[in-house]
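Could you build all of it, start to finish, from the sequences and the hints given here?
Here the protein sequences line up with chains X, U, F and L, keeping their order. FYI, in the numbering used here the residues of the first sequence are 370 to 749. FYI, in the numbering used here the residues of the second sequence are 4 to 165. FYI, in the numbering used here the residues of the third sequence are 381 to 485. FYI, in the numbering used here the residues of the fourth sequence are 315 to 969.
Hint data in this document are derived by calculation from the structure and do not stem from the laboratory. A couple of the hints might just be wrong.
Listed next, with one range per pair, are the computed distances between beta-carbon atoms [said to hold, decoys possible]:
| id | chain 1 | residue 1 | chain 2 | residue 2 | range |
| --- | --- | --- | --- | --- | --- |
| 1 | X | Ile424 | U | Ala142 | 32 to 40 Å |
| 2 | X | Leu694 | U | Ile100 | 27 to 35 Å |
| 3 | X | Val704 | F | Pro437 | 26 to 34 Å |
| 4 | U | Leu153 | X | Ala657 | 43 to 51 Å |
| 5 | U | Tyr111 | X | Glu450 | 57 to 65 Å |
| 6 | X | Val669 | F | Pro437 | 51 to 59 Å |
| 7 | U | Ser97 | X | Gln680 | 50 to 58 Å |
| 8 | U | Val150 | L | Asp390 | 55 to 63 Å |
None of the values given here were measured: they were computed from a predicted structure. Glycine included, C-beta positions come from ideal geometry on N, C-alpha and C.
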Amino acid sequence: MVNQWVATLLAGRVPDWFVALITSTLGAVGILGFVLASNVLGVWMERKVLGRFQIRYGPNRVGPVGLLQTLADAIKVLGKEAITPFGVDRWVYWLAPGVAFLPALLTFAVVPFAPGAALADLDIGLLFVSAVGALGVVPIFMAGWSSNNKYSLIGAMRSIAQTVSYEIPLVLSLVGLVLLGGSLRLSALVEYQLQHGWFLLTQPLAFLIFFIAGSAELNRTPTDIMEGESELVAGYHTEYSGFKFSLFYVAEYTHLFAAAAIITVLFLGGWGTGPVLNLAPAVVWFVAKVYLVVFVFMWVRSTLPRLRIDQLMGFCWKFLIPLALLNIFFTALWVYAALSGPVIAVLNLLLAVALVVLWTQLLAGEEAGSPVPYVARPGG
Amino acid sequence: MDYGYSLSFYALAGLTVLSSLLVVSLRNIFHAALFLVLAFVGIAGIYLTLNAAFLAVVQVLIYAGAIAVLMLFAIFLTRNAMAQGNPPGRLQASALITAGLMFIALAYSFANSRWAPGPATPPDIGPELLAKELFTTFAFPFEVASVLLLVAMLGAILLARE
Amino acid sequence: MAEIGLNHYLTLSALVFCIGLYGVLARRNAVGILMAVEIMLNAVNIALVAMSRYVGPGGQPTGQIFAIFVITVAAAEAAVALALLIAIFRTRGTVDVEEINLLRW
Amino acid sequence: MTTEQIVWSIFFSPLAAFLLICFVLRPAGAHGLAGLATIVGVAGALGASVVTFLNVLAVPGHELPLADYPWLTIGDLRLHLGLAVDSLTSVMLLVVTSVSLLVQVYSLGYMAGDTGYSRYYAYMALFTTSMLGLVLADNLLQLYVFWELVGLCSYLLIGFWFHRPAAAAAAKKAFVVTRFGDLGFLLALLALASVAGTLTINELFTEHKVAALVGASFLGVTALTWVALGLFAGAAGKSAQFPLHVWLPDAMEGPTPVSALIHAATMVAAGVYLVGRMLPLFQHAPAAMAVVASTGAVTALMAATMGLVATDIKRVMAYSTVSQLGYMMLALGLGGYVAAFFHLMNHAFFKALLFLGAGSVSHTTGTFDMRYMGGLRRAMPVTFWTVLLASLSLAGIPPLSGFWSKDEILATALAASPGLFWLAMATVLLTAFYVFRMLLLTFTGEYRGGGAAEAAANGDAAQGADAHGHGGVRLHESPSVMALPLVMLAAPAVLSGLVNLPTIPALDDFLMSRTVRETLEAHHVAFNPLLAAFSTGMALLGIALAWLVYGVKALRADSLGSALGGLPYRMLYHKYGLDFLYEKVLVGSLLYTVVCGLFAALDRYVVDGLVNGAGQLTRGLGRGLRRVETGQVQAYGLAIFLGVVVITAVAIVRG
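Structure (structure tokens):
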């Protein structure tokens with residue numbers, strides 16, 4: 370909206386490309402502002418939510434209900450000594466935190482906050498999101514390799530294995546959506562949901578898979594084996610401190626919010642208000658949904674324990690990927706049979722339950738056949 | 004004249020060429036791999052200037068996101084051998100000459116070729132058109148490529164298994 | 381500064397191709413050589429996409445589709461090549477191509 | 315049976331005997347039946363030949379129309395298998411089968427008890443088959459095949475007693491020497507096939523084939539002459555003409571019936587038959603004709619002189635055969651087609667008779683050396699009288715058969731070439747002398763001990779008994795199975811001259827069959843009573859000289875031998891040194907040292923050099939090129955891209 374206004378203001382006075390530059394810059398600045406604000410809020414929220422889940426108060430000293438605690442932490446972190454350990458690969462070591470922040474930020478470029486309010490509403494938006502998500506693993510490498518620390522290296526390697534693996538169900542789960550929505554453009558998908566119901570209802574299995582895989586991509590607790598304090602000190606960012614550490618921290622939360630935004634767009638109808646309430650502007654609804662998703666992530670984190678790496682990988686390859694493929698198959702069937710929204714919703718809901726139960730039984734049977742723990746397997 | 008277009012082309016071309024040069028000349032293999040990612044991203048940008056957004060994204064997804072990562076993974080797995088990095092070999096001088104001659108040959112060939120004139124305005128090639136072509140005209144190559152990928156996957160697993 | 385046209389892209393493609401070629405021929409680390417090979421493939425893709433944009437009747441995505449196939453094959457190639465590399469590393473303890481030369485006179 | 319089936323049965327009947335012996339009788343161990351099988355087979359052939367002869371006689375033009383069968387087609391050259399029967403063939407068939415039959419019967423007695431009895435008869439059957447095939451062949455290739463088969467049989471039979479070194483050597487010599495001639499035959503065949511495009515005998519005589527042969531030339535000589543010389547080379551080898559005659563005397567190492575059949579009556583006549591068959595072609599090549607005639611005359615005289623001094627009775631016969639074959643060649647060379655075959659026929663009979671007689675004699679005495687014989691006239695009357703008749707026939711005493719044919723040859727020679735005539739006339743004198751020398755040495759005077767005396771003279775007690783185990787103590791006539799053929803052969807030897815009397819030239823008319831009449835210029839020479847009287851006089855003179863020397867011993871043989879310092883004697887005794895020339899100079903020095911040395915050098919340096927060179931070149935190249943295989947893939951890639959650059963550069967430069 371602001372962009373449009375600026376564009377009309379500048380139109381005819383300066384070259385077109387300059388207009389594009391100005392509007393893009395304005396959009397980027399807006400998104401950056403949102404992201405940073407959300408970061409600050411998100412950190413506070415996480416600590417507060419975790420505290421409540423663990424039956425304690427969480428931060429409550431700095432500012433009202435501890436709202437300024439994040440700022441205080443930030444000041445403290447920035448004031449710390451910037452340690453560069455001996456033997457690090459200096460350039461890569463320094464660049465890694467900055468690069469980590471970039472892909473997460475880029476995701477927001479295609480997110481439609483409201484009708485027409487996307488920085489670049491690409492017709493291949495969904496693919497763009499996947500591509501940028503795939504880039505997210507590079508800075509982790511950089512950090513892990515350059516730190517000259519075996520914990521960092523092992524963390525990075527785990528990260529590669531996990532990220533590359535989980536990328537597959539992540540993308541596969543979206544195929545069903547594209548089949549139904551008929552576009553890769555995020556705003557088009559939102560429009561489709563507004564007409565035919567949220568994908569949360571029509572693609573429950575896809576949501577499940579996407580949520581789990583996205584969680585893994587985010588390295589959040591049930592799947593944060595690349596950091597795993599109990600095993601690897603702090604994983605790939607063991608050697609980071611001060612401002613550089615804080616950048617990783619920011620990047621992580623940016624990723625979280627980006628994932629939440631994508632889930633909102635893809636499964637929760639984006640800016641849509643639902644059938645009843647149309648009181649607040651679309652942006653407000655959108656942001657509210659994003660925070661709701663973030664809350665669910667925090668909820669999961671506080672509820673579930675960390676998985677072992679072999680369990681994690683097995684879960685991906687043996688459970689998520691087959692189910693994602695089956696989901697594509699059945700969705701394609703529905704599309705071929707020209708079924709409409711509610712019918713698909715019912716069918717897919719039943720399908721999701723049936724498949725999850727069936728597959729769980731299947732995997733359980735297999736596990737029962739080999740009770741020896743993974744790590745102890747000879748030649749494993 | 005569209006300065007923005009020219010500017011972005013030259014910037015991306017410079018990025019690509021520079022990154023590529025660093026990839027082949029850096030002794031530190033890990034740095035080289037990182038510049039490889041950069042080169043891939045630069046090439047994705049080049050695709051964007053050619054109105055091939057789909058390809059650009061695919062480029063990032065496959066090359067930068069998968070292949071380069073695979074390279075990094077290989078570097079990690081063979082890190083004991085990576086201490087010596089990527090030193091120039093015996094054939095460095097002759098390779099340089101060959102590459103130079105090759106460039107001259109290619110450039111000469113390109114400059115002296117008469118291409119059928121194309122559209123003045125960039126054609127609009129969206130994902131729908133690509134998909135339609137891919138699944139109709141090029142359905143058979145598509146299937147063959149699928150089989151190739153499957154075979155490559157099985158082969159890679161078999162080879163890399165201890 | 382001339383209008384950006386086909387020749388610009390083709391020159392870029394040739395340049396990147398030859399850089400890749402140099403990398404393939406001159407370096408000793410097998411992973412580095414693989415990276416150079418990928419650069420060569422990408423150079424070819426640049427030419428293909430540029431042709432798709434500038435040559436022949438508009439709206440023909442053939443060049444881009446060809447590029448997609450190249451990417452597919454490149455992915456397969458990279459996977460198999462790296463698997464080979466790791467297998468070689470396990471048995472010979474090196475990835476230096478000048479030391480992996482059992483198949484000679 | 316149709317005419318054609320009868321003709322084929324001539325060929326197949328002895329072949330059946332051969333196969334029967336090889337595959338039934340010998341494996342079954344029934345060796346004794348082999349002789350019977352061959353005799354029956356040959357007798358069948360004789361019967362069929364007689365019928366065929368009558369058939370030919372009845373057909374106007376004296377040629378039987380027979381079908382032929384396609385065999386091979388090579389480009390334009392079409393080869394076929396087929397039989398041709400004309401008057402010449404039918405006469406040859408009669409001669410071959412009848413002599414063969416009588417020899418087989420004779421062999422029953424001669425070969426009795428020999429360990430190789432069935433092998434002998436198998437060879438003989440095969441030989442008869444081959445000889446008949448040779449005579450019956452309607453094309454030169456087929457003829458050549460049987461020609462070589464006949465040569466093979468000759469080799470096998472000369473070396474029949476292969477455990478004797480002399481026999482093995484003689485067989486080898488016969489084989490090798492005739493091969494020289496056959497090389498010419500083969501080349502002639504190839505030349506004919508390429509220039510004339512056919513090997514069918516009668517087709518070759520057509521005008522345009524002759525024209526083609528005359529038209530082509532090589533080294534300034536027409537192809538026809540080369541072909542004729544090649545064919546004559548083959549014929550000279552087979553018919554033992556100078557200078558390839560050296561094998562025939564040695565061939566007497568074989569069993570005597572073999573000598574009679576093969577080396578007197580039939581096989582050696584094959585050369586004459588070949589030249590006679592191809593005479594319509596020869597007559598277009600005067601040079602070749604001259605060569606044939608002069609070779610014949612020289613051979614006749616030379617062999618006769620050598621016959622003068624030979625002490626081995628069979629060698630005398632052998633030289634006589636060579637000499638008589640020379641006569642035939644002389645006749646052919648002068649165009650005396652009928653005369654040659656007339657003589658061939660007569661010679662076959664009386665020479666076979668002479669050989670069988672010699673066999674009979676040696677059978678009794680255990681030796682072939684006339685110096686140890688003598689006085690056999692009383693002990694072996696049948697042998698003596700038959701041999702006497704044959705000798706008179708050979709000497710050319712009227713009215714025996716030899717007289718008529720020899721006289722015809724002499725008349726032909728007188729008409730064509732006086733020089734050759736005088737050579738032939740000299741031969742008449744020598745012939746009469748040596749044949750009666752043989753007769754007198756063998757049958758008159760006192761018995762001189764036979765094989766035992768020979769062994770004693772050689773100081774070899776072990777050889778006291780001859781190969782047949784006869785002690786030679788008691789002189790006796792040969793068994794009737796041997797004597798009967800002598801008598802039966804004596805009849806044609808005396809009477810066969812009557813078929814072509816000067817006043818009733820029946821053979822003359824008969825032999826000039828349609829093809830021959832159309833293609834051959836007639837060379838009929840009128841009977842000359844003066845010439846006949848002269849030649850008879852010469853023969854009688856020769857007989858008288860022999861009588862003087864060996865009968866009443868008015869002249870001592872020793873003094874004749876030592877005349878002129880003994881040089882002529884020694885020259886003759888050593889066969890003009892030809893064997894020495896061949897064996898020591900040609901074979902020993904020239905062939906072994908020079909030619910073989912050359913070939914050995916060629917083999918060692920050129921052939922081996924090529925082979926080893928190929929190997930070493932490959933090795934060297936490999937040693938050099940393997941440096942290219944560095945095992946470093948980048949080097950290969952470098953080469954590939956440099957290649958691309960070069961190709962691009964070439965494409966640019968060539969536009």
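Hints, verified against the model:
1. X:Ile424 with U:Ala142: 32 to 40 Å: 60 Å, violated
2. X:Leu694 with U:Ile100: 27 to 35 Å: 51 Å, violated
3. X:Val704 with F:Pro437: 26 to 34 Å: 33 Å, holds
4. U:Leu153 with X:Ala657: 43 to 51 Å: 44 Å, holds
5. U:Tyr111 with X:Glu450: 57 to 65 Å: 59 Å, holds
6. X:Val669 with F:Pro437: 51 to 59 Å: With a Cβ separation near 53 Å, Val669 (chain X) and Pro437 (chain F) satisfy 51 to 59 Å, so the hint holds.
7. U:Ser97 with X:Gln680: 50 to 58 Å: Holds: the Cβ-Cβ distance is about 53 Å, inside 50 to 58 Å.
8. U:Val150 with L:Asp390: 55 to 63 Å: 59 Å, holds
Checked against the numbered hints above, the structure violates hints 1, 2; every other hint is satisfied.
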